[in-house]
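Asker: Each chain, written out:
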Amino acid sequence: MLELYSNPRLLSVVRGAVERLTETLGFPAAQCRSITRAVDEAVSNVVRHAYGNRPDQPIAMYFRRAQRGRQGEIEHGLEILLCDRGPAVDVGKLQGRPLEEIRPGGLGLHFIRQAMDTVEFTRKGPTNRLRLVKYLARASSNGR
Amino acid sequence: MQISARRHDSTTIFDVSGDIDFANSREVRQSVLREVCEGRTSRVVVNLSQVRYIDSSGVASLIEGLKASRDLGSRFILIGLSTSAREVLQLSRLIKVFEIYDNEEQALAS
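Residue numbers (the working numbering), protein chains in the order written: chain A, -4 to 139; chain B, 10 to 119.
Be careful, since some hints might not be right.
Stated by the list, open to error - Covered, in the sense of this in silico footprint (three residues per stretch, anywhere, with C-beta under 8 Å from a C-beta of chain A), are these stretches of chain B:
#, segment
1, 45 to 55
2, 64 to 70
3, 85 to 97
As the list claims (entries may be wrong) - Sample of chain A residues facing chain B (criterion: CB under 10 Å; computed from the structure):
#, residue
4, Asp35
5, Arg43
6, Gly47
7, Gln66
Claimed, not checked - If you anchor each label on the Cβ, the simulated ranges turn out as follows:
#, chain 1, residue 1, chain 2, residue 2, range
8, A, Asp85, B, Ala118, 48 to 56 Å
9, A, Thr117, B, Gln59, 56 to 64 Å
10, B, Lys76, A, Ile69, 44 to 52 Å
11, B, Arg102, A, Ala55, 32 to 40 Å
12, A, Gly47, B, Glu36, 17 to 25 Å
13, A, Glu115, B, Gln115, 41 to 49 Å
14, A, Phe116, B, Glu47, 39 to 47 Å
15, A, Gly64, B, Val106, 37 to 45 Å
16, B, Arg35, A, Val86, 23 to 31 Å
17, B, Asp18, A, Gly47, 43 to 51 Å
18, B, Asp18, A, Ala132, 46 to 54 Å
Since the hints were derived computationally from the structure, they do not count as laboratory data.
Built from N, CA and C at the ideal position, the CB exists for glycine as well.
Start from the sequences and build out the full structure, keeping to the hints where you can.
Answerer: This is the structure:
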């Protein structure tokens, strides 16, 4: 678990932690970068949109190993839960901009969705929860 | 993140180092736009060779620099893209929108 405040200066700390974690879990280098980028963008969105750039609001991040069976094989991965106490997110507005448009903004969500296998927004009580999951390449389920 | 500017004939070269993220991309944007909009030079080069990471707000700053340059008839060039920076521009389908060179010599000769 990682608890931090919504200070943008802490983004580098988050990136460092996620980068090391993904490396340790065995993700290929390109996926380490893309997962790190996704988490960085997600936390930036919390700072900007949930907390209106206030730097002293709480953010909690939970990391755990994920696992799923697929076609008789087991895929291991990483699940990240990002929690904030900002106003409820209007999921309908969580749209990245069309990439054909050359203009600033709207790219962060695209980076998140591109990087992760699962991207889920939910609201539980006073908490916005963003669940991100990325699976590694498959391993055999018969113990090999 | 640090950003500094230097001149080479009619070119302004910005040397950027460190990570460009939401905490500091505004500084990049302001520096680049100031240079472009004041029309001091006909070509602006952003040297990203010491930038290991750039997020969507950093990309947005570069897009703003590019658009302002186009509006004013000047050139806006990126050099020295790291793997991560190149990935981000590819993901956002901007890799062919920007004028990109490997290094400063190539950019100045262009």
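Asker: All the hints need checking, so say for each whether the structure fits it.
Answerer: How the hints compare with the structure:
1. 45 to 55: Violated: only 0 residues of the segment 45 to 55 of chain B have a Cβ under 8 Å from chain A.
2. 64 to 70: holds (count 6)
3. 85 to 97: holds (count 4)
4. Asp35: holds, 6 Å
5. Arg43: Given a least distance of 7 Å, the restraint on Arg43/A holds.
6. Gly47: violated, 13 Å
7. Gln66: violated, 28 Å
8. Asp85/A x Ala118/B: 48 to 56 Å: At 50 Å between Cβs, range holds.
9. Thr117/A x Gln59/B: 56 to 64 Å: violated, 40 Å
10. Lys76/B x Ile69/A: 44 to 52 Å: holds, 48 Å
11. Arg102/B x Ala55/A: 32 to 40 Å: Taking Cβ atoms as reference, Arg102/B and Ala55/A lie about 34 Å apart, which means the hint holds.
12. Gly47/A x Glu36/B: 17 to 25 Å: Holds - the Cβ-Cβ distance for Gly47/A and Glu36/B, about 20 Å, lies within 17 to 25 Å.
13. Glu115/A x Gln115/B: 41 to 49 Å: holds, 45 Å
14. Phe116/A x Glu47/B: 39 to 47 Å: With Cβ atoms ~43 Å apart, the hint holds.
15. Gly64/A x Val106/B: 37 to 45 Å: holds, 42 Å
16. Arg35/B x Val86/A: 23 to 31 Å: Given about 28 Å between the Cβ atoms, the range holds.
17. Asp18/B x Gly47/A: 43 to 51 Å: holds, 44 Å
18. Asp18/B x Ala132/A: 46 to 54 Å: Holds - the Cβ-Cβ distance for Asp18/B and Ala132/A, about 51 Å, lies within 46 to 54 Å.
Violated hints for the displayed structure, listed by number in ascending order: 1, 6, 7, 9.
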